[in-house]
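The residues making up each chain are set out below.
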Amino acid sequence: MTDAHSLVLEAVTKVFETPEGRLVTAVDNVSLSIGQGEFVTLLGPSGCGKTTTLRLIAGFEFPTAGRILLDGRDIAHVPPDKRGMAMVFQSYALFPHMSVFENIAYGLRLRHWPKAEIERTVGEMMALVNLSGLEHRRPASLSGGQQQRVALARAMAVRPKVLLFDEPLSNLDAKLRVALRAEIRRLQKQLGITSIYVTHDQAEAMSLSDRVVVMNAGRVEQASAPAELYTRPATRFVADFIGQANFLDVAVERVAGGWAEITLWAHPMRVPAHENVRPGPAALMLRPEAICLAGRAGACAARFQGRVRAVTFLGSAVEYEIETHGQTLTVSDREAVWGGIFAEGELVGWDFAPERGYVIP
Amino acid sequence: MGSVSPRPCVLIAVQASAPPIPIQLSGWRRVWREYRALTRDPIYFIALLLAILFIAIAILYPLLATLAAAISPAGAQTLADVLRRPVYHRIILNTLVMGLTVATLGTAIGFLFAYVQVRLAAPAWIKRAIHIAALVPVVSPPFAVAIAIIVLFGRSGFITSGLLGLRTDIYGLPGLTLAMTLSFFTVAYLNLAALMRGLDPALDEAATNLGANKWQTFRTVTLPLLIPGLAGSFLLLFVEAIADLSNPLVLGGNYTVLATRLYLAIIGEYDITAGAVLSVILLVPSIVLYFVQLRLVTRASVVTVTGRPTGRPQVVTDRRVVVPLVALALTMVGLIALIYLTILVGAFTISLGANNAFTLRNFEFVLLGYGAKAMFDTTGMSILATLCAGFLSMVIAFLVVRGRFSGRNLLDLGMMMGIAVPGTIYGIGYLLAFNSPTEIFGLAILPKLTGGAAVFGGALAIIMVYVIRSAPAGLRAGVAALQQIDPAIEEASISIGADQATTFRRVTLPLIRPALLTAMIYAFARAMTTVSAILFLTTPQTRVMTQQILNETEAGRFGNAFAYVAVLIAIVLLAIGALYALIGPRDGKGAAPAGRPLTAAPESSLAP
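Chains as they are written, first to last, in the working numbering: chain A, 1 to 361; chain B, 1 to 608.
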């Protein structure tokens, strides 16, 4: 499919009135540009406004302010049935009184497609989601994973301009979630449909998306590719929300070309920095696996010393809480499994490669 | 040290636990084991025995007595008569036409009210008015509407004759249709409103999202999902309409239906066999249709809830839809208000339409005069029945939901017969069963309960009828509530040493208090307003308000009848307030009573 569509949100705001008459800003001045065929995920804790944003795009809610442009045309106040989008719901929302075939054909029948064309398309969709042969079953007789595949087929059958996903996998068990998310990614790539996906599961967001939009309290914290989100978080919130992070207080002396010259406990170094970092106090973010421990394979200068306060064996790695300079660091040690585990109370040397750290405001 | 296998412990464990029940035990031996296991907890076992005894004596025995009378040679003769004589064909046709008309209109009005309530963007006061108007019939006797209709629209009706100068005849099918529809549509309203609320809003959104406009969404998604509920309501109203005796007695005129013919056979012709035969003719479709509707409504509520509902329910804001529907609903509300206003004004008037002077004589008659005994008798019996029904329905609900023995669904089914069978038939059944002392193998277990010289002036039989008519709704509420409670909560209590009875009293009962409240409110309202089932059971010693209302109506003393109705409604409302105060939510914001206190509570364990 070549006719992929683009979607732009311009300063979209949604204010709800609670039954008690209080005003709540669910979506606060959100701007976002989603390219043709792009897969974008809205990620954030519950109540961050991601679902409301999706419902604004779908047309189930109308924005209080701002514009929503589909291929350059403002659709912010177009009713949902005229937007040509399709949504996959958390509760599947399959029509229980219709067979699988009728469910998938529903949108096509509304579009008055010829009968033969409907049958062919439904057949294609059923094959695409590996459900051929279940045409005449009722949704209630299908497993959760099968139901969600039907919902996916129903949404894709109408060739939507934008495909919307509202936490579609959160009612499924962990194994099925992983399998289905690979399937969703495969289908989306194959069909090239512009897609927006809402989830609170960071693994899901990272593995599916071209770009992840982290939201908090109705605002966009950062919109980046998954790897950049992890290594170059724009804010403390993002660093904390995606994976684990240690924050060390540092003094920034100079900033130039995406690098900052900082001093950490009297050790000067050059570390990558966010563009908003200015000279003065800032935070150095270190991922637990960016820290190396002395005495392991490979060089570790061990410029710093710390005492092991807690040891957690996780299988693929050992996680230590290391007290150093009055702060506690979380360190993930992949070598420990074979190389021996440090004991609680032991003094260890640690260090990190400066390019693996990141300074944020 | 960890290498020593803990074999001794395993042996002890095996010896201590009961021998495992082999899976391939033959049916009867398994049932025997299950029941023997029950005897280990005496209070539990006694509760079960009492429940079975009550169902057998109060519900099944009178039905069997009716069937036995109908199957006798004399009964066969009557049956042949019924099948042959055109007059009976006419009666059956009348009954069917009335049932279908009332069911159609009642379901339509119920749907209209529910739709405006749940799906339309209408001002809150309108929704409130609609809800109250729909609930008023629950707390008033079934023929209160009929009497008001006579006064308003009858031959010398306040409106038809007084205002419009018409000489209309409201008696017969038109009047019956109007009165029954307005009296019975509440059930359809409550069922359909609950179903509409239960629909996952995401279904509507999915349809809209795929390109369906509001009308297409309604036609292809909402309506098909409501069809089982609509069909269920239709059948229930049909059963109620053909079973009702009081409205046809007051408003039937020459339009004879099965229920009135049956009444005439017993009260007018003293032919109890004919009464039994007619009962069976009425009984079969009633029971079948009742259980079909129960299943339909249950299925509907199951089908509509898949997964976790998300999104917000969509409301219709299009004025072209809202304005006509709200106007129509408000017209109905106005009619209901007019009718109950008539009752209230009529209670303070010498003779509404003929002599509109204000008077307190009607209330004097009811509160201080001849009617006082009926008022106290009825209230007293209703209170006793409420206590029994509330307790019985919760205990049986517990046995049905939590019991681990075969046949517990029969317990449920047996209890539901009390409401599935038309009340009139229970009247006859009680007459047939309890007109002489009940004996088992020559041993009298119950004295004479009905007719002259009955024990307690027949009050015991009346209370029993009240209980069997009202406990089924409580049972449904209790079953629904118990199914919501994780059995682990009760298991936790048992694991720390409480027996079944203590657990039920200290843990389960407090948790299902909202259901108990519903059960008792319903039981009291139902007892106070029951008429068809007790018309044959009242004696000179025991007077019942509903029967007195009927007498006053037949004698044309509408003022007294209205005063009775007003007092009855007042008592029911007072009792609801008292029950709320006694067992209602303590913190003022706890769980409200389950929203479906009526006969067709959809959560049924009878469903597959």
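Among these hints, one or two may not hold up.
In silico SDA-like cross-links for lysine to any residue, where the CA-CA straight-line distance does not exceed 25 Å [said to hold, decoys possible]: (1) B/Lys214 to A/Lys175; (2) A/Lys161 to B/Thr220; (3) B/Lys214 to A/Leu54; (4) A/Lys82 to B/Glu364; (5) A/Lys115 to B/Pro201; (6) A/Lys161 to A/Trp113; (7) A/Lys175 to A/Ala317; (8) B/Lys214 to A/Met98; (9) B/Lys214 to A/Lys189; (10) B/Lys373 to B/Thr220; (11) A/Lys189 to A/Ala217; (12) A/Lys175 to A/Trp113; (13) A/Lys82 to B/Pro201.
The hints are simulated quantities; they were obtained by calculation from the structure and are not laboratory data.
- [ ] With a cut-off of 25 Å on the C-alpha distance, tell me whether A/Lys189 and A/Ala217 pass.
- [x] Violated, because 31 Å separates the two Cα atoms, which is more than 25 Å.
Task: Distance restraint between A/Lys161 and B/Thr220, which requires alpha-carbon spacing of 25 Å or less - done: The given pair, whose Cα atoms are some 24 Å apart, holds under the 25 Å limit.
- [ ] Starting from A/Lys175, check that the Cα of A/Trp113 is at most 25 Å away, please.
- [x] Violated, because 37 Å separates the two Cα atoms, which is more than 25 Å.
Open item on the list: Does A/Met98 sit within 25 Å of B/Lys214, going by the straight-line distance between their CA atoms?
Closed with: Satisfied, since the Cα-Cα distance of roughly 19 Å is no more than 25 Å.
Task: Hinted pair B/Lys373 and B/Thr220, Cα distance within 25 Å - done: Distance of about 57 Å is beyond 25 Å: violated.
TODO: Below or equal to 25 Å on CA atoms is what counts here, so check A/Lys161 against A/Trp113.
DONE: At roughly 17 Å apart (the allowed maximum being 25 Å), A/Trp113 and A/Lys161 satisfy the hint.
Open item on the list: Does A/Lys175 sit within 25 Å of B/Lys214, going by the straight-line distance between their CA atoms?
Closed with: Violated, because 38 Å separates the two Cα atoms, which is more than 25 Å.
Task: 25 Å limit on alpha-carbon distance, applied to hinted pair A/Lys115 and B/Pro201 - done: Violated: A/Lys115 and B/Pro201 sit about 29 Å apart, past 25 Å.
TODO: Quickly compare the C-alpha distance for A/Lys175 and A/Ala317 to 25 Å and report which way the hint goes.
DONE: holds, 22 Å
Task: Distance restraint between A/Lys82 and B/Glu364, which requires alpha-carbon spacing of 25 Å or less - done: Roughly 67 Å between the alpha carbons, so the hint for A/Lys82 and B/Glu364 is violated.
Open item on the list: Check whether the Cα positions of B/Lys214 and A/Lys189 lie no farther apart than 25 Å.
Closed with: Violated: B/Lys214 and A/Lys189 sit about 33 Å apart, past 25 Å.
Task: Restraint check for A/Lys82 with B/Pro201, where alpha carbons must lie at most 25 Å apart - done: holds, 19 Å
Figure legend: structure checked against the earlier numbered hints; hints not met, in rising order: 1, 4, 5, 9, 10, 11, 12.
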